[in-house]
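Line order of the protein sequences matches chains B and X.
Here our numbering is used: position 242 in the first sequence is 242, and no number is missing along the way.
Here our numbering is used: position 116 in the second sequence is 365, and no number is missing along the way.
Honestly, I wouldn't trust all of these hints.
To be verified - Okay, derived cross-link-like pairs now, EDC-like style, lysine to aspartate or glutamate, Cα gap no bigger than 16 Å in a straight line: (1) Lys829/X / Glu750/X; (2) Lys145/B / Asp177/B; (3) Lys216/B / Asp122/B; (4) Lys193/B / Glu347/X; (5) Lys195/B / Asp281/X; (6) Lys505/X / Glu313/X; (7) Lys32/B / Asp288/X; (8) Lys32/B / Glu808/X; (9) Lys2/B / Asp81/B; (10) Lys231/B / Glu245/B; (11) Lys197/B / Glu70/B; (12) Lys219/B / Asp22/B; (13) Lys193/B / Asp345/X; (14) Lys107/B / Glu200/B; (15) Lys32/B / Asp261/X; (16) Lys193/B / Asp281/X; (17) Lys32/B / Asp292/X; (18) Lys106/B / Asp206/B; (19) Lys193/B / Glu70/B; (20) Lys196/B / Asp281/X; (21) Lys16/B / Glu574/X; (22) Lys195/B / Asp288/X; (23) Lys2/B / Glu149/B; (24) Lys20/B / Glu808/X; (25) Lys197/B / Asp281/X; (26) Lys32/B / Asp259/X.
These are calculated hints, taken from the structure and not from any lab test.
The lines below spell out each chain.
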Amino acid sequence: MKILVPVKRVVDYNVKVRVKADQTGVETANVKMSMNPFDEIAVEEAVRLKEAGIATEVIAVSCGLLSCQETLRTALAIGADRAILVETDVELQPLAVAKLLAAVFKKESPDLVILGKQAIDDDSNQTGQMLGALLGRPQATFASKVVIEGGAAQVTREVDGGLETIKITLPAIVTTDLRLNEPRYVTLPNIMKAKKKPLENVKPADLGVDVTPRLKTLKVTEPPKRSAGVKVPDVATLVAKLKNEAKVI
Amino acid sequence: MTSKLVSRRDLDFVLYELLDTAALCSRARFADHSRATFDAALDLSGRIAADFFAPHNRRSDEHEPMFEDGHVRLIAEIGSALKAFTDAGLMAAGHDYEYGGMQLPLSVAKACFAYFKAANVATAAYPFLTIGAANLLLAHGSKEQIDSYARPMLAGRFFGTMCLSEPQAGSSLADIRTRAEAQGDGSYRLFGNKMWISGGEHELSENIVHLVLAKIPGGPAGAKGISLFICPKLLLRADGSTGERNDIALAGLNHKMGYRGTTNTLLNFGEGAQKPGGAAGAVAYRVGEAHQGLAYMCHMMNEARIGVGLGATMLGYTGYLHALEYARGRPQGRPAANRNPADPQVAIIEHADVRRMLLAQKTYVEGALALNLVCARLVDEQDTAQDKTAREQAGLLLDLLTPVAKSWPSQWCLEANSLAIQVHGGYGYTRDYPVEQFYRDNRLNAIHEGTHGIQALDLLGRKAVAQRGMALTLLGREIEMACKEAGARRETVLFARQLGEAAARMALTTEKLHAAGDPERTLANASLYLEMFGHVVMAWIWLRQATVAARQLADNTQEPDFYRGKLQAAAYFFRWELPKTAQWCELLQSLDATTLEMQDAWF
Ligand SMILES: Cc1cc2nc3c(=O)[nH]c(=O)nc-3n(C[C@H](O)[C@H](O)[C@H](O)COP(=O)(O)OP(=O)(O)OC[C@H]3O[C@@H](n4cnc5c(N)ncnc54)[C@H](O)[C@@H]3O)c2cc1C
Chain B
1 MKILVPVKRV VDYNVKVRVK ADQTGVETAN VKMSMNPFDE IAVEEAVRLK EAGIATEVIA
61 VSCGLLSCQE TLRTALAIGA DRAILVETDV ELQPLAVAKL LAAVFKKESP DLVILGKQAI
121 DDDSNQTGQM LGALLGRPQA TFASKVVIEG GAAQVTREVD GGLETIKITL PAIVTTDLRL
181 NEPRYVTLPN IMKAKKKPLE NVKPADLGVD VTPRLKTLKV TEPPKRSAGV KVPDVATLVA
241 KLKNEAKVI
Chain X
250 MTSKLVSRRD LDFVLYELLD TAALCSRARF ADHSRATFDA ALDLSGRIAA DFFAPHNRRS
310 DEHEPMFEDG HVRLIAEIGS ALKAFTDAGL MAAGHDYEYG GMQLPLSVAK ACFAYFKAAN
370 VATAAYPFLT IGAANLLLAH GSKEQIDSYA RPMLAGRFFG TMCLSEPQAG SSLADIRTRA
430 EAQGDGSYRL FGNKMWISGG EHELSENIVH LVLAKIPGGP AGAKGISLFI CPKLLLRADG
490 STGERNDIAL AGLNHKMGYR GTTNTLLNFG EGAQKPGGAA GAVAYRVGEA HQGLAYMCHM
550 MNEARIGVGL GATMLGYTGY LHALEYARGR PQGRPAANRN PADPQVAIIE HADVRRMLLA
610 QKTYVEGALA LNLVCARLVD EQDTAQDKTA REQAGLLLDL LTPVAKSWPS QWCLEANSLA
670 IQVHGGYGYT RDYPVEQFYR DNRLNAIHEG THGIQALDLL GRKAVAQRGM ALTLLGREIE
730 MACKEAGARR ETVLFARQLG EAAARMALTT EKLHAAGDPE RTLANASLYL EMFGHVVMAW
790 IWLRQATVAA RQLADNTQEP DFYRGKLQAA AYFFRWELPK TAQWCELLQS LDATTLEMQD
850 AWF
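The shape of chain X in the complex, shown without the other chains (with noise of 0.2 Å):
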């Protein structure tokens, strides 16, 4: 049996064979690593995301997280799942040896994690959370926070959630109301409640640390009065052991069409349900700065929506591959040329629309997974690349690529599940095979972290922008650079002459959208600049994967069949998706104002 989570050759590709991931042995920090130790890892990732995560996908779905005498229940799996998981180190995978990590480079940590999306994406938001918070701390908290909070995270000891949105404030979180009052001792009394919260309340580790934004009375309006704090579901005793109970309430559970296995809840802090120190009111410690708190959540963000983008890759990947197998078994018809009923039926696979969709799924998932890793590069290159210059860069590139990273697996990966339930015909629409669950699964990706809307905000609002165009410049630095490798094999020099005429036609586009001098209608199809955009980069992954291809074909390598796939998806890219974005560029250059100006009144 080969793994239908994701394909192992093609990791192998993207980390070895595109990214040159070993030559970043040579860099203090990964010192110690070598190809070998990358591979144990992927190899450990794989075993244990087949082991203990895939089996219970299915039955996590089917009995979703219960409330019950004030206890959230959920199915046993889970904790044993998790405790493989932990118990293996991989909470601290690509951190410090100094926190038990094994300072992986994140490129390789988020191959690893890969496995674990595809095979549970429920379960794995518990600790994918967790790494986030602690990530939060690392970067923002002091020593004592890291001590006490930090390192039983990475241990697997506490988990963690983010607690951003509020009923009243998703999108928008400069209209938050949870309010942080300041006692005498330096800590702070939390009131408010916050919505949608994942992995809020469970007992499934020893504490809960909920990192919380929350305004303190009397700061600024708006976002800009907005602090981070830690406020733990059980406080800390002197000796960092857990006691007493904190002033949260769980006020309810959401009830979800798709990740079920992560408990998603209504928390309430400081009503009153507690009374820790014998007062109403939460306990919370300040991290950081006052005021600061939204700049913090951000500098995490990058992380968590490249992990949001290879959630969504990977639900797409596991998808293709169960319709990959399911088309090469499943005999119906026979072929256009001959229709004689004499003769045996063919596997589905035999039929022209049905390769169609497949290579459709191929294309997203692949490129999905090459620019997630390509994504995770930049977050090696801006942490230890060898000159400040080079950090900056990559550091640049990365913002502005995140939202892409975030939102074209989200779009286009889902819609690689809704093939794979095509290809499975009735069969795909039923709880029979698992892909209707992927779906489902799926379609939470465009909406937390930040909204498709959103992040198209942030792309053509801010990130395309910044710094006068910087980072585009640098993303048409790097194009460029890839255009002249591929212009030079006979393979995928069309492909170059075609991605370079994009890339002028996506900088004009920026251009003019930005020369419009009115704000309100630049932004009014942000949105389609975000798929253009996105459309732009995956050409860029692609022609960077079919220039490695025809190398390695050029080289007489032993797996032509993986290679010639390779420069066929790339071949589907560039002659189905990409020649969309000329007309979407059209439409984008003309400042096109029929949403904009339609009517409430008028539906």
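Excised from the complex, chain B in its bound form (with noise of 0.2 Å):
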């Protein structure tokens, strides 16, 4: 069984971001970047099935600038046996990654796609969604649990009212919750063998696909500045200021 891994660059989870003075976006230049938290867990989980005897290869793949490879390095680091990255420096969205994930898979023709529910920089939630009905396959989204058998995941997914588990037939998409698995920490010697092993580079054109981008970033700014608190005498003004001020009971 082959297992594919998309995995994105983002700004690292550590760092405060800051708004562009042009409000363009947030400030990247000389800022930590790292691999997205749940494509991590992405990762650890493929590569789990792997050592399980379960999956025969995992396939890392990122879309973006030709720095997505050190990202691509920390996968094959983490067990991945090689990676893909699809090198553009147009800004991607997610429609435009879905179609790229959907080409190289089916140039690779994985039995699973598994991948983050969403990217800590844009928080879409929708490359996995979208990659699902490009592909006309079905899609597990958050899960927390998967189990493959019989040609089928069986998968628990979080929802807003607790668990669900659901049974989908290969191939399949499965984004990841953060509860599906703790990743490892990656070790140095396996740092140097990634560096040994398979990455391939491609671009959007090789795969046929056109990634111009869709929607247009009007402007980029903070959230508002959290306001001082206030003291309530009582009970009852607590309720009645969260009804008709902050509305939301």
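From these two lone chains plus the hints, build me the complex, please.
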């Protein structure tokens, strides 16, 4: 069984992001970047499936700048077997990424695609779903448990009301939630081994995909500053304020 | 949240902009490397340090090791942290692939280790002692000793110690009394007491490999009669597995001011508590030739002392980052120019005096970090430079700088910790904030691995005059080169002139001290000489950093604040610190005898 794991390079979760002065986006120059944490969980799950003898090959794929190679090397250090970079400096939106992944899917014919449910930079939560739709394959989003048996995946999903378990036929798309697993720390020897694993570089044109952005970002601004708190004299006032001012109850 | 362990931006600055570490990748030993592998190792270290080492730093301080029914009790987090460290392969970060290592340059490995020292210096001591012990065996042990002891240490299965000190012999190792009696089979039995042994007893590893200095009866007197031995806690069976307990007894634990998570022990060798092979005496195996023990130990001192200096640096560094955050968040008072009580209070960083304290800390800790990595790079040069002269010169310069790399951070990064407490005001003096612990932890560094006073004697009495002052000449040449480059830029030209003058004064002072023909008088003020020398070296380090910063600013960097900060720290050092050396040199050149002539009875 072959598993494809898409990974995204994002601003590290420890970095306090700053909006660029011209409001076109967030500052990324000289900012520490790393693998989207949800994707790290995806790589970990795939590698565990391989270690359990269920998967035979794990392929990591990333779309974006040449520097995404570093993120792919991390995936290789965790245990992926090889990697594919779809290199472009065009700003990629979820639909474009889903199209690129669909093209890679057709080339590689994996049995399973595992990817993060969302990326911590734009929080879109769309790529996995779009990919499922483009390929016409089943999807199981927000997975907290994945069991593969008999050409199907039994996936426990984290939904608003609790947990839902569904069974989908492979090939399928699974998106990861935080509780699926706890990703391992890479090791120094594996960082060196990762350097020697194959990393293929393709361009969107090679895959016949047009990645031109469809959405236009008008402006990016800081979230409103949290204003100072107030002390209320009693519960009745608190309830009234929550109802009338905050409008949350 | 940004890390309060160390500024990654600064580490990157030192490694890649100041030292051009990526250039090492053209050497055969580092051919598989690139900046990407270095960065990956640094990232991993930062994560493991933050996730496993930092969280129990305080708890470890509050629950010092206890000796209960024959066992040393440690908090469980220490074990988990060390497991994460060894599982990641960090123990062998700089070692050959052959030993499961990553073959990182020492400068990069030290930068990785910086995170652990900042996060939890006491827990970090276990692996760093082990790495030091393994290195000693790799350099001087037999193949069999390397396979049996060094390999398991690099794999994290065995931990190591260094057993030099005894209750009656600390600075003066010539006076150790532990005796090694040869057995018929080539092994020895040790008898004696070792004091202050860090990591001397615990249950964190399968075995503890003690490297012990002892005297073989009948050998030369004093330091020339000291040999080095491997003395394992558990004797190894023929297949390498651990077996019978050796005759080493834990006589007690020392209860320390700081560094509490590291067990510190008094060990009795050969007192008969155990009878391995049916007889009392701790079974031991000699490393290398007899009577060469101290020389072997000294061989490893350079690295160990850079390690101590780096520990001192990182405690200062993390203290500084804590103070900086506090100063940005603590409102108190109003600007000097506007005392209107109706206006809101300002954060204390708005007060010039608080910025003075922060800037002093920045200057000390960033300077010390750069110095330690410069020294680590000299080790890389000594090991891997293309031509022989370059290797030898790097070694000579390293020998000269080692006492400074150890002592300067131990003194000035401790001062940084004191200032970090001061920035916190009363809160800094409480245990609700971590800065008081950093100070206590850091106070050790001027004591162990050769006290400040002993480093000073080493520098003035030996290193500064070794090979007719060759090392000093080399340093002079380095300083000259740095001055030349800095002299070509408006921002740094004054600093360059100042350093040139200070270096000339230092050379003259060294000459006058040694021309006096009275060694006692020459060495009487060795500590002041060490401090003066340290400040001149630090000015050289800051000049080099300032030059890089000025160049980046001229090239329209995207991070002007970072580089302006570097230039301002350099300015602080050149205006507030370096001028002190003029007065120190004057005192030294006068061969002042005030302390020498002070009499015991006059106190
Ligand atoms: C927490 C801790 C951990 C340690 N870990 C280890 C370890 O793992 N292994 C190990 O072997 N040792 C270890 N040590 C021992 C340490 O190296 C010694 O404490 C140190 O060398 C000083 O020896 P001493 O304590 O006997 O002091 P002394 O040698 O008695 O020194 C006392 C004072 O006298 C000064 N002095 C001594 N001789 C001279 C001289 N000739 N000229 C001028 N001044 C002099 C010293 O500078 C010092 O200020 C550790 C110590 C501590 C506190």
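Verification of the hints:
For a cut-off of 16 Å, the pair hint linking Lys829/X to Glu750/X stands: about 13 Å separates their Cα positions. For the hint linking Lys145/B to Asp177/B, the alpha-carbon distance of about 9 Å falls within 16 Å, and the restraint holds. For the proposed pair Lys216/B and Asp122/B, the alpha carbon gap of about 14 Å is at most 16 Å, so the pair holds. With a C-alpha separation of about 14 Å, the suggested pair Lys193/B and Glu347/X falls inside the 16 Å cut-off, and the hint holds.
With a C-alpha separation of about 8 Å, the suggested pair Lys195/B and Asp281/X falls inside the 16 Å cut-off, and the hint holds. Between Lys505/X and Glu313/X, the direct Cα distance comes to roughly 9 Å. Compliance with the 16 Å bound is thereby established for this hinted pair. Only pairs whose Cα atoms come within 16 Å are accepted, and Lys32/B paired with Asp288/X is accepted, the gap being roughly 11 Å. Restraint check: the Cα-Cα separation between Lys32/B and Glu808/X comes to about 14 Å, which is no more than 16 Å; the hinted pair holds.
For the hint pairing Lys2/B with Asp81/B, the CA-to-CA distance comes to about 10 Å; that is within 16 Å, so the pair holds. Taking the CA atoms of Lys231/B and Glu245/B, the gap is about 14 Å. The hint holds against a cut of 16 Å. With a CA separation close to 13 Å, the supplied pair Lys197/B and Glu70/B stays within the 16 Å bound. Distance hint between Lys219/B and Asp22/B is fulfilled; the C-alpha atoms sit about 9 Å from each other, no more than 16 Å.
For the proposed pair Lys193/B and Asp345/X, the alpha carbon gap of about 14 Å is at most 16 Å, so the pair holds. Our distance criterion of 16 Å between C-alpha atoms is met by Lys107/B and Glu200/B, whose separation comes to about 13 Å. About 11 Å separates the Cα atoms of Lys32/B and Asp261/X, which keeps this hinted pair within 16 Å; it holds. Among the hinted pairs, Lys193/B with Asp281/X is consistent with the structure: their alpha-carbon atoms are about 10 Å apart, no more than 16 Å.
For the suggested pair Lys32/B and Asp292/X, the alpha carbons sit about 10 Å apart, so the restraint of at most 16 Å is met. Straight-line distance between C-alpha atoms of Lys106/B and Asp206/B comes to about 13 Å, which keeps the hinted pair within the 16 Å bound. Between the alpha carbons of Lys193/B and Glu70/B the distance comes to roughly 14 Å, so the proposed pair stays at or under 16 Å and holds. Taking the CA atoms of Lys196/B and Asp281/X, the gap is near 9 Å; set against the 16 Å cutoff, the hint holds.
A distance of roughly 14 Å separates the Cα atoms of Lys16/B and Glu574/X; the hinted pair therefore holds under the 16 Å criterion. The straight-line distance between the Cα atoms of Lys195/B and Asp288/X is roughly 13 Å, inside the 16 Å bound, and the hint therefore holds. Using a Cα cut-off of 16 Å, the hinted pair Lys2/B and Glu149/B holds, with the two alpha carbons roughly 14 Å apart. As the CA atoms of Lys20/B and Glu808/X are separated by approximately 14 Å, the hinted pair is consistent with the 16 Å bound.
For the hint linking Lys197/B to Asp281/X, the alpha-carbon distance of about 13 Å falls within 16 Å, and the restraint holds. Restraint check: the Cα-Cα separation between Lys32/B and Asp259/X comes to about 13 Å, which is no more than 16 Å; the hinted pair holds.
When held up to the earlier numbered hints, the structure conflicts with none and fits them all.
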